[in-house]
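Quick mapping for you: the protein sequence lines, in order, are chains A and B.
Letter by letter, the first sequence follows residues 385 to 608 in my numbering.
Letter by letter, the second sequence follows residues 408 to 824 in my numbering.
Derived by calculation from the structure, the hints in this document are not laboratory data.
Wrong hints could be hidden among the right ones.
Cβ-Cβ distance ranges computed for the label pairs, FRET-style [unchecked claim]:
| no. | chain 1 | residue 1 | chain 2 | residue 2 | range |
| --- | --- | --- | --- | --- | --- |
| 1 | B | E716 | A | K500 | 28 to 36 Å |
| 2 | B | G792 | A | A399 | 51 to 59 Å |
| 3 | B | F755 | A | A399 | 53 to 61 Å |
| 4 | B | F807 | A | R584 | 43 to 51 Å |
| 5 | B | K638 | A | E457 | 53 to 61 Å |
| 6 | B | S732 | A | H390 | 31 to 39 Å |
| 7 | B | W692 | A | T479 | 40 to 48 Å |
| 8 | B | L802 | A | F480 | 20 to 28 Å |
In silico EDC-like cross-links for lysine to aspartate or glutamate, where the CA-CA straight-line distance does not exceed 20 Å [to be verified]:
| no. | chain 1 | residue 1 | chain 2 | residue 2 |
| --- | --- | --- | --- | --- |
| 9 | B | K814 | A | D438 |
| 10 | A | K481 | B | E601 |
| 11 | A | K500 | B | E417 |
| 12 | A | K519 | B | E417 |
| 13 | B | K811 | B | E716 |
| 14 | B | K423 | A | E485 |
| 15 | B | K814 | A | D454 |
| 16 | B | K424 | A | E524 |
Note that this is a predicted model, so its numbers are computed, not measured.
Glycine included, each C-beta is placed from N, C-alpha and C at the ideal position.
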Amino acid sequence: MILLEHINKTYHNGAPLHVLKGIDLEIKEGEMVSIMGASGSGKSTLLNILGILDTYDTGKYYLNHVLIKDLSETKAAELRNKMIGFVFQSFNLITFKNAMENVALPLYYQGVSRKKRNQMALEYLEKMGLKEWAKHMPSELSGGQKQRVAIARALIARPQIILADEPTGALDSKTSKEVIHILREVNKEGMTMVIVTHERAIAEETDKIIYLKDGVIESIMVAK
Amino acid sequence: MIWDTENWAEIVSTIKKNKLRTFLTGFSISWGILMFCILLSSGNGVRNGMMSNFGSRSVNSLQYWGRSTSVPYQGFPNNRPITLDEKDLELIKNHIPEAGDITPMISTNKMISYGTYNTNCSFTGVTPEYMRINEIKIVDNQGRFINGMDIKEHRKVAVINKRVREILFQNGDPVGKLFIADGLGYTVIGVFEEDAWGNDESAYIPFTTAQLLYNQGWGMHDISFTLKNLKTEKDNKAFEEKFREKLSVIHHYDPSDKRAVGIWNQLQNYLQFLGLFNGISAFIWIIGIGTLLAGIVGVSNIMLITVRERTREIGIRKALGAKPSSILGSILMESVFITSIFGYIGMFLGVGLGELVSSILQSPGMEEIAHVISNPTIDVGVAIGAMITLILSGLAAGYFPAYKAVKIQPVEAMRTE
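Construct the entire structure; sequences and hints are all you get.
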């Protein structure tokens, strides 16, 4: 599903900063992997490259056998919309839209009619157990509920992979467990999933833990 | 894409979120357009008012009169008075191809009376052509102007203005009535109307009568004639030059002596006046456009703040697959929407104000002011122009903020709290 061949990335803000130093990685379809590392290890950069939110300098990145390189912004937006679902630490819901409208947003950019996308959004919210919260604004939801809305939003466009950036970072341990449980459920339905986290407990729930250190993969630990 | 209701729903929802800000933005553009309209309408008003002073006189005419020479010439001393006479008429008729209608004129002031009423009145002896040259209008059903028979028979008849009718005849029908001027009786043959400055008593009498009674039966004070085919100020200058030369031959004065005859060229004055007003118009446009620009900068500024405040939201949208064109479009459409709606409010107020002032000016008792300001409104062409300007303004105001929005990096945008 994901194939990285010797990915290099350098930031040029003042002194050049070589963040990723030749990453080779393969993530198979249906896998659930986590990326761990200290801050500055390059894990966020790696996730941004995987999510086509950032570019890389040299190497090759295949997403579902499609080479992702030198894309126009429009093309990148299209691929993000169709192939990737994002779950963020700070939820990133749009504050003036209710839960249903937030979930429906990716479909808006696919040109799906309002009626159809709202109906689909309700289905996904129901899966997350939030049907009766559909008309509520994000400010009226708890952290766990917000993250479940965000997961519903990530799923609605039926992407190839889910990228989660510290999905439990803003949640208490009980809610964190719930969220990771939901992600596991989604994965069991066949969704490839990449989670960036610094919590060992979360990482241990995944099939594979990738340790990053100073821009290189230090080790890959496969769960029992 | 523009007519996609989904997009409009998005825009309306963002505007609703920020009512005060939208209102303040809109106010600046409304104000700009309002000022623009007021400036343009008052400019038009002053122009129309001034034009009405030219209105009654045929624009393309020239009047000249004898003065006195300033240099000796061919044995004649200087300060010799020049008097116009039949030679002048013959010259214009036969040797000036540009001349159209011609009238000689003799002017005098007389005390006139009817019954117990009397007043001082300016008399001008003219030929029937005068009516066309100066666009004299006869008041409805109040007689006629001077005709050929009046001239031929030296009739003692007069065409009086409304003011004389008011004073001598108390606004009754004066046609056929006899009034006295210096012991001579004149029959009123008509009442005329002249759209010009002032409201003094004046009357026209046959030129031959005036010449006989008030000018020793010879010569004339002024000659007025219409001009054909002289369009530009340059043409007029050249014509005047040539005309002075011809006059110098028949009156025997130095061709370079500008003092010998006085010339009033209506068209040339009109053109100069037009030039002055074009200058004023240009000035008004510059101020108007400046005000509008200030409005545009205001909108642009507030849109920039909007984009900044929405950075996170735009970042989320981009991460979820919003294309750059979609972001660009939504910001531009919002800008055009705000600019157009509030611009129209401003334009509506401005045009309304113009029409209001216009209707006040047209009410009775405002005739004098109407010569200064008249019909202070703007025409449809300007309104359509303004509509296009508004949309372009919206695009201009939105462009920079929209560009900023497109450049937002989703990763960084979503990190900002």
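Now for the hints, and whether the structure bears them out:
At about 31 Å, the beta-carbon gap between B:E716 and A:K500 stays in the expected band of 28 to 36 Å. Between B:G792 and A:A399 the C-beta distance comes to about 55 Å, which sits within the given range of 51 to 59 Å. Range check, B:F755 to A:A399: Cβ separation about 59 Å, and the 53 to 61 Å hint holds. A hinted range of 43 to 51 Å holds for the C-beta pair B:F807 and A:R584, which are about 47 Å apart.
Between B:K638 and A:E457 the beta carbon distance is about 59 Å. The supplied range of 53 to 61 Å therefore holds. A hinted range of 31 to 39 Å holds for the C-beta pair B:S732 and A:H390, which are about 34 Å apart. Hint check: B:W692 to A:T479, Cβ distance near 45 Å, so the stated range 40 to 48 Å holds. A hinted range of 20 to 28 Å for the beta carbons of B:L802 and A:F480 is consistent with their spacing of about 25 Å.
Only pairs whose Cα atoms come within 20 Å are accepted, and B:K814 paired with A:D438 is accepted, the gap being roughly 13 Å. About 71 Å separates the Cα atoms of A:K481 and B:E601, which puts this hinted pair outside 20 Å; it is violated. Among the hinted pairs, A:K500 with B:E417 is consistent with the structure: their alpha-carbon atoms are about 17 Å apart, no more than 20 Å. Proximity of A:K519 to B:E417 is assessed by CA-CA distance (about 17 Å); at most 20 Å being required, the pair is judged to hold.
Taking the CA atoms of B:K811 and B:E716, the gap is near 12 Å; set against the 20 Å cutoff, the hint holds. A C-alpha spacing of about 16 Å is found between B:K423 and A:E485, which places the hinted pair at or below 20 Å, so the restraint holds. Distance restraint check for B:K814 and A:D454: the Cα-Cα separation of roughly 17 Å lies within the 20 Å cut-off, and the hinted pair is therefore satisfied. For the proposed pair B:K424 and A:E524, the alpha carbon gap of about 17 Å is at most 20 Å, so the pair holds.
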